[in-house]
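Participant: Protein chains in written order, with my numbering: chain L, 2 to 253; chain E, 2 to 253; chain P, 2 to 253; chain V, 2 to 253; chain Y, 2 to 253; chain X, 2 to 253.
Incorrect hints may have been included.
If chains are identical, the list can't say which one is meant, so a pair holds when it fits in one copy or spans any two.
With a straight-line Cα cutoff of 25 Å, these simulated SDA-like cross-link-like pairs (lysine to any residue) come out [claimed, not checked]: (1) Lys83 <-> Thr61; (2) Lys224 <-> Glu213; (3) Lys224 <-> Gln202; (4) Lys224 <-> Glu179; (5) Lys224 <-> Ser8.
These are computed hints drawn from the structure, not numbers from a lab.
Each chain, letter by letter, is given below.
There are 6 protein chains.
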Amino acid sequence: MRSNGRSSNELRPMNLTVNVNKYAEGSVFIEMGDTKVLCTATVDEKVPPFLKGQGKGWVTAEYSMLPRATQSRNQRESARGKLSGRTMEIQRLIGRALRSVVDLRALGERTITLDCDVIQADGGTRTTSITGSFVALAIAVNKIAQQHKLPVFPITDYLASVSVGVVNDEPMLDLNYEEDSSAKVDMNLVMTGGGAFVELQGTGEESPFTREELNQLLELGEKGILQLIEKQKELLGPIALKIASGQPGRGA
Amino acid sequence: MRSNGRSSNELRPMNLTVNVNKYAEGSVFIEMGDTKVLCTATVDEKVPPFLKGQGKGWVTAEYSMLPRATQSRNQRESARGKLSGRTMEIQRLIGRALRSVVDLRALGERTITLDCDVIQADGGTRTTSITGSFVALAIAVNKIAQQHKLPVFPITDYLASVSVGVVNDEPMLDLNYEEDSSAKVDMNLVMTGGGAFVELQGTGEESPFTREELNQLLELGEKGILQLIEKQKELLGPIALKIASGQPGRGA
Amino acid sequence: MRSNGRSSNELRPMNLTVNVNKYAEGSVFIEMGDTKVLCTATVDEKVPPFLKGQGKGWVTAEYSMLPRATQSRNQRESARGKLSGRTMEIQRLIGRALRSVVDLRALGERTITLDCDVIQADGGTRTTSITGSFVALAIAVNKIAQQHKLPVFPITDYLASVSVGVVNDEPMLDLNYEEDSSAKVDMNLVMTGGGAFVELQGTGEESPFTREELNQLLELGEKGILQLIEKQKELLGPIALKIASGQPGRGA
Amino acid sequence: MRSNGRSSNELRPMNLTVNVNKYAEGSVFIEMGDTKVLCTATVDEKVPPFLKGQGKGWVTAEYSMLPRATQSRNQRESARGKLSGRTMEIQRLIGRALRSVVDLRALGERTITLDCDVIQADGGTRTTSITGSFVALAIAVNKIAQQHKLPVFPITDYLASVSVGVVNDEPMLDLNYEEDSSAKVDMNLVMTGGGAFVELQGTGEESPFTREELNQLLELGEKGILQLIEKQKELLGPIALKIASGQPGRGA
Amino acid sequence: MRSNGRSSNELRPMNLTVNVNKYAEGSVFIEMGDTKVLCTATVDEKVPPFLKGQGKGWVTAEYSMLPRATQSRNQRESARGKLSGRTMEIQRLIGRALRSVVDLRALGERTITLDCDVIQADGGTRTTSITGSFVALAIAVNKIAQQHKLPVFPITDYLASVSVGVVNDEPMLDLNYEEDSSAKVDMNLVMTGGGAFVELQGTGEESPFTREELNQLLELGEKGILQLIEKQKELLGPIALKIASGQPGRGA
Amino acid sequence: MRSNGRSSNELRPMNLTVNVNKYAEGSVFIEMGDTKVLCTATVDEKVPPFLKGQGKGWVTAEYSMLPRATQSRNQRESARGKLSGRTMEIQRLIGRALRSVVDLRALGERTITLDCDVIQADGGTRTTSITGSFVALAIAVNKIAQQHKLPVFPITDYLASVSVGVVNDEPMLDLNYEEDSSAKVDMNLVMTGGGAFVELQGTGEESPFTREELNQLLELGEKGILQLIEKQKELLGPIALKIASGQPGRGA
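Could you build all of it, start to finish, from the sequences and the hints given here?
Facilitator: Given below as structure tokens:
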């Protein structure tokens, strides 16, 4: 039995609050159970040097945990003077995942930076960051669309992410910290609204996994992600229509 | 006329929410107008090397701003690989201020670290951090007191902080960002419940100030701080009695 | 048609040369086509702080590219003063993968560090590093086994790795740099001799992929890895028997 | 009784030697008792990026202590790879203080950097640095004035600094290291020739201080600073006239 | 008696393999006994900022040791976040030495970077790096000459380097690691094909040396270097003629 | 003709002032013409980790230039966050040179750190640092000898250093900055009172040099160094006797 009486294929309660920051072009506070992440989207009207003059935009992400987001305090990376490998791996993942559903050419020569700051961590901070920052991104892109009359809405599909894993020999959806710590297999999935994979990262450091276990995990994850995307759609309302149609119309 | 119709000797609305973090020994979310800071207190049962074996504890602070706490995004200090002078100056100030009302010997050989993370900045982030982290500190110290039956309650007085400044030739209390940017004189005060000064930092980079202006600013600041301390007392309830009496009794 | 007339399910020629370094406890020079990696294993009779006194050993890896391993010279990370996110991600992957086939308790309180230095890069440097460093690890572990009469041979299974991807809409095995650059989907697989997955990292930044494509790629990869493991077995000879039997006998 | 028989309102002997460096546009070796600081002013005919094209100049400062300026050797910040918080706080203070008496627009698009290198430290190194570097600044600005026929002399007033504190319950002027170490209250004052405050930094970490104590300290400090400014005037001679009149005439 | 029966004035066996890297404009794998260094030359069609617009080129070098090039593993400088003093000293030496035989004006506005990566170290890694990278440089320069029809061949003379030292009171040529460790005097010589000195670095940390000892060491070194240059000439073949004549003709 | 009418074999005027720092165990302010270096010796009653428990001491050096020691201001290495290669090379040289005349076993398990801070630079800062810091070292060692009744005086010989070079085709002694900048050959010599070489570093980056030129330079340098050592002897007085006799007697 999981904590809070969750069944093995059940997500934790998800809560999304939008526009929580008065300065950012898009912002979302996302809670998946006790994991809480603040996602802000910043639009910058220029691109990094490697993209200059190509008529394309860029989407990138940064990830960080507050020192007491975790059970015992973790030292600030600013104080240590460098980012950990874990942080770099996660922020590269978030950026890559978001770019997969953005038409960078349609975005034009501008950069959107997603900042994912983990206020409290209870497992799944990277997947929660992706799910939340997709919404912050959509809000920010909509703001650009309204100002710039883009010919096409640059977000091509929905995007959400969840973790799955084998805990006590049972495949489970959306692991919290305690479950994650004892999982034999741990996998993060990122999928589009169309049901295709964008990222799939499975690791069996403690115990290799079979093709059959992989299939069970993929099925659990797919169902979970579709539920997350349903919630995103509800929340985004009129913006959701733009994602579906590609028309950067008036609304929202 | 100030924004929101504030008069020159009026504080912004202050809101304190306690126990916002499930892991930290003390936590407070403080809002002073649009300035929002999350303060967590972490208790560590050891002291830094320079205090080892002296029978004394330590209180220290770290301060950081989320990248989009400000109007335009500021680069993470973890990405830049070092803390700015401003950050170091502020976190040294917060730690020094808090230590002035802690009996480090009564605290025993333990360290309390206050993390002040600015979620949104609209002027006065350092003073707001001090006011908020005093409350987080009190909650954490009370937890220690309850577990360790300390002979004395180690917090000796209340502590709060506010900014004052001369804006458009008028002395003003609790400047927001816009006022702060155009202030000729800018001063941060930290005071105890007993009405004494702990820190006083005034700067007239744009225009030196006279003894008379100083006195006006000090009066404004004193009144503001007493109001802040009243709110702290209400919020802390039974812990407030311990600070007053020095008795680390049952309550809270 | 692939370069060198390779078919889509064909590995590049692999060459393994052992004991190429006169100091290291294990060393292998591995060539997969034009990708060339020097892997050395260093045995250290102590463990990192977080493992002290637990009766367990540790296996870790470091990865680096020589500046001119690539078409255009890349700046040294030592000169830049920090490791890139890519390097950290790769060396974390190599270490994690190798640990999955080592019984750390049977290894005893010692650390084995695998250094993977890419002499020339033509795609697949991380997978080649895993395949090569497994062999260097096995040689080093065998040396320990011979000196220390361990009750069990600490390597529990074979381990190899390969990349697969979708290039020009066709699933392909073991991508070289040119293919990798134009791949819509890119996946790295790490598997054991027993045919189970240890790591599976797929990314469809350019284009999300379906469950069916995933299955095709997994099949290609599985077959490739089994061929690599066959070559490892041949090369390791008597050590291979120990891996199979768990008996840290005389031989080799 | 203070060492050397000083009374509580007496400055240490101050000695200023000008033009001690053959390359710098302005240079001063200042001794306040056993505290010795070398101040050099460097003129650079450009401004930092944030001021480009605004027709204004910039004045900034750097501060450092030689390793054996202190009783026990302190590690070089260059060897540690970063500036301490204390150093950054001090050099920000020096720069801010000097800018308060410079008309940056009259200075034109050039930067003056004051380097304050503490050769020997016996308390009050930051205040001594300010007093000394004002003189180095004046000499350098005079050199510019002579070369560029500026319409106005860009230094608008004198500037000096001193520390005051409460030692053994007595307010004292110009603390040496030993006094500073045992002071309950410690305050640094920066004032102009016109008697106005530029910076005022008081801290009562060991014991909060009352309004009355503050007033006593301010009076002590004011008198001390006026004496320092008298000495600066004597030393600067003809340049002093320019500061008084604003006329960047021939002389000096 | 030296290891391998070498006499005191005998070089270790030297082996040079050219074009070992498929990307670099020049590459050499050099072995002096068990010391093995990979040298690559990279041509970049621009110069560093300090040379811009002067019509001159630049030659520079970087040096690094693989972690297990040595008996016990040395930590990567990229992981430590900075270059050691030893590394910087060596790479400055290599660059300086190579520039002494290049006519930078004839080279034109381009930079050649020599990367010397020590694959295995057994004494003399810096001298071996110089001898090897001269050959890589010559190959790369010849490539430029062929493409750009330079009026003059920019390499003006041969260059090689060797170590000498006093071991067990006997002057010896080309020390291996064991000899170097017990040498009282240690000297590195860099000379041109014309028999002149380019660099001469002798150190008698363990025991100062006399003028007579110096002369003996210089004689040993000169003879050794001439032998190395003979081998370079053989290897370079047609390029050697260009160095001799200054004519950047067809050949090679 | 050289500036100041110096002949080619003439030293610049040297001035040594001892005990210029009230805290350091030994201190010297050395002036060679316009080159001015402050040398302090710090005694620490422990050794670095690599020497622990071997009954031997250590002598090491650090070197730095004040930002405005030079014609144009050079950026602080503390601000840049790392030491330059030049600085590291120089401080390694100074330490190595000094150790050559110290009996580390006789010194006992203590470390002496020489800090050489260049107050003003006009060529020859490294050689001047060596000459000056030898005297600071001798004073500090004498202090130890007086306190600890060492059986032997641990300094075994005198030590001084000078530069020589070929300027306008003429060999010259003790180059100032202007001469050094136009020298074809540049050489630094470190020698003992007994006339033996400790370090010899010659470089002909601009133009290789012959054996004959080398001999001329060595002769010039030897004579210069003997003069410097004469001055050291005069200055050290009674300590000089101890260096000569090895008897750590009462005197000084």
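Participant: Hints first: check each against the structure and report whether it holds.
Facilitator: Now for the hints, and whether the structure bears them out:
no.: 1; hint: Lys83 <-> Thr61; in the structure: both (19 Å within a copy, 20 Å between copies)
no.: 2; hint: Lys224 <-> Glu213; in the structure: both (17 Å within a copy, 17 Å between copies)
no.: 3; hint: Lys224 <-> Gln202; in the structure: both (17 Å within a copy, 20 Å between copies)
no.: 4; hint: Lys224 <-> Glu179; in the structure: within (22 Å within a copy, 36 Å between copies)
no.: 5; hint: Lys224 <-> Ser8; in the structure: within (14 Å within a copy, 37 Å between copies)
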